[in-house]
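Here the protein sequences come in this chain order: P and C. Using my numbering, read the first sequence as starting at 1 and increasing by one per residue. Using my numbering, read the second sequence as starting at 1 and increasing by one per residue.
Hints are computed from structural coordinates only; laboratory data are not their basis. Treat the hints with care, as some may be off.
You can't tell identical chains apart in this list, so a pair holds if it fits in one copy or across any two.
Unchecked claim - With a straight-line cut-off of 25 Å between C-alpha atoms, the simulated DMTMM-like cross-links for lysine to aspartate or glutamate are:
# : residue 1 : residue 2
1 : K197      : E243
2 : K97       : E63
3 : K251      : D128
4 : K153      : D292
5 : K197      : E267
6 : K197      : D227
7 : K189      : D227
8 : K134      : D277
There are 2 protein chains.
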Amino acid sequence: MSSNTNREIVRIGLVQMACGEAAEDNRKAAEQGIRQAAGQGAQIICLQELFQMPYFCQTENHEHFNQAEEVPGPTTQAMSPLAAELGVVLILPLFEKRSTGLYHNTAVVLDADGSIAGRYRKMHIPDDPGFYEKFYFTPGDTGFQTISTRFGKIGVLICWDQWFPEAARLTALSGAQILFYPTAIGYQKFDEAVAEKQAQAWQTIQKAHSIANGVFTVVVNRVGREDQLNFWGRSFVSDPFGEVLVEASSKEPEVLVTDCDLGLIEETRQGWPFLRDRRVDAYQNMTRLFIDPNET
Amino acid sequence: MSSNTNREIVRIGLVQMACGEAAEDNRKAAEQGIRQAAGQGAQIICLQELFQMPYFCQTENHEHFNQAEEVPGPTTQAMSPLAAELGVVLILPLFEKRSTGLYHNTAVVLDADGSIAGRYRKMHIPDDPGFYEKFYFTPGDTGFQTISTRFGKIGVLICWDQWFPEAARLTALSGAQILFYPTAIGYQKFDEAVAEKQAQAWQTIQKAHSIANGVFTVVVNRVGREDQLNFWGRSFVSDPFGEVLVEASSKEPEVLVTDCDLGLIEETRQGWPFLRDRRVDAYQNMTRLFIDPNET
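Can you build the whole structure from these sequences, using the hints too?
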């Protein structure tokens, strides 16, 4: 593999939090985490999915819709001065009220001057016992996109998106150098062995997104017990080769800061030139749910 | 996750070989490996990529085209009685001469009665120093497909295909329960640390195909030094959760046999229902090489 002669360092911050009931406390903890990461030189700082509130999707309760907010709105207004003050890019996942009766699981990206650089609305929405997201969130219509910021071209995907190679691929193909996955994943009362297998599979598939696309992957998960769920933390960063650069605790809140050399993307893609060889002439059926034996 | 109440066991055999110059010796070793696997109850047995010959793509040499054969041809004629005798499905990767001047890197699947169940022509063709495959092999036109056999619905992909999530996805969507990857991958005179990273990335992305699609993945690589390349063996089987069930040596030829419970596919896909939630309305750009900023 060629040596990397074009170093282009960006310092990334991950704020892994344990959320309590009081939104104000969660916001304070988030600001504290952001300031801590920025204090260590982080330039792009990512918060976890729905960072201002407990993971409320464990039940279907209409009252939770009252927590949704518009964009721009309270969160961008509160965080925009902070981004500008610290000169950092912020990835802020929130519960978006788009219109009356229309809600999304969204991440807003603030550029380092405090302006809104872009927003992503979660495209893949889960629905499993304890994760009743289809009740709350309309699947996004932003598509998979790259958001240009002062410190790099980034893609944002959210939690359940992490299981879909298509989401990572399409975001990378639109130019993203780093994929961010704000997340809220945990286990119920399974035995520890199953929980460990789940966490391993979760890390494996996201490392694979790095490998397949030659990009950095940054995953920020919440931690701690909320009602029926134990969120497993383990926020991490993978380089374009799928190597884990840093990994957080599975038990405690933690702020991670690490350098990503964007020059490695060119080096990795030259070494293993997957983008050169995709058979785009043969991928039409990716837009089908299944290729039924009797319909081909 | 639900308990698996529908067990459906199929026993898989992997023949990891070190190839010498003499085709006859390689064929004998392959038959020996097949007999050994069948003797341990294997029902579907996979050989490595181009199992009858050294990996000749280390140079561009027109003489090597003389090794190509038709299908049906010598290999199917030799192996068909063996498949029928042992009552096993065989996956036979070979250098196919399709017509004058038209060659493919192909795998033929023989059903357990010795008949040809199907063939796959490698879709993604690499070209790197030491792997000059674009000189020899026309990219396949079979597409990604499922081949029905006596012991299960299988998909065959070959080596470089393993880096493309699209190949795994499309094969799984066509019904495959097990993905087979006959392979010839190794390293040159890199330091051991780089080689280890490569082998890790290689295993990671293939485990991820299992996870993303809820299928078994079977990888059969060659082993040993040939000219400039050290093939790293490490043939393995991953379950639908991405767990490695068995793994071969990185140094020695080895026959692996393991049970795959196809009932786990239903269980895994119900537990993590990714196929339910694919955003097929938003995947159109998978057929593009890149989504250029000024063209969207």
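Taking the hints in turn, this is what the structure says about them:
1. K197 - E243: Both: 19 Å inside a copy, 8 Å across copies.
2. K97 - E63: within (14 Å within a copy, 67 Å between copies)
3. K251 - D128: within (23 Å within a copy, 44 Å between copies)
4. K153 - D292: between (39 Å within a copy, 13 Å between copies)
5. K197 - E267: Between. Shortest inter-copy distance 15 Å satisfies the 25 Å Cα cut-off; intra-copy 32 Å does not.
6. K197 - D227: within (22 Å within a copy, 40 Å between copies)
7. K189 - D227: within (11 Å within a copy, 54 Å between copies)
8. K134 - D277: Between. Shortest inter-copy distance 11 Å satisfies the 25 Å Cα cut-off; intra-copy 37 Å does not.
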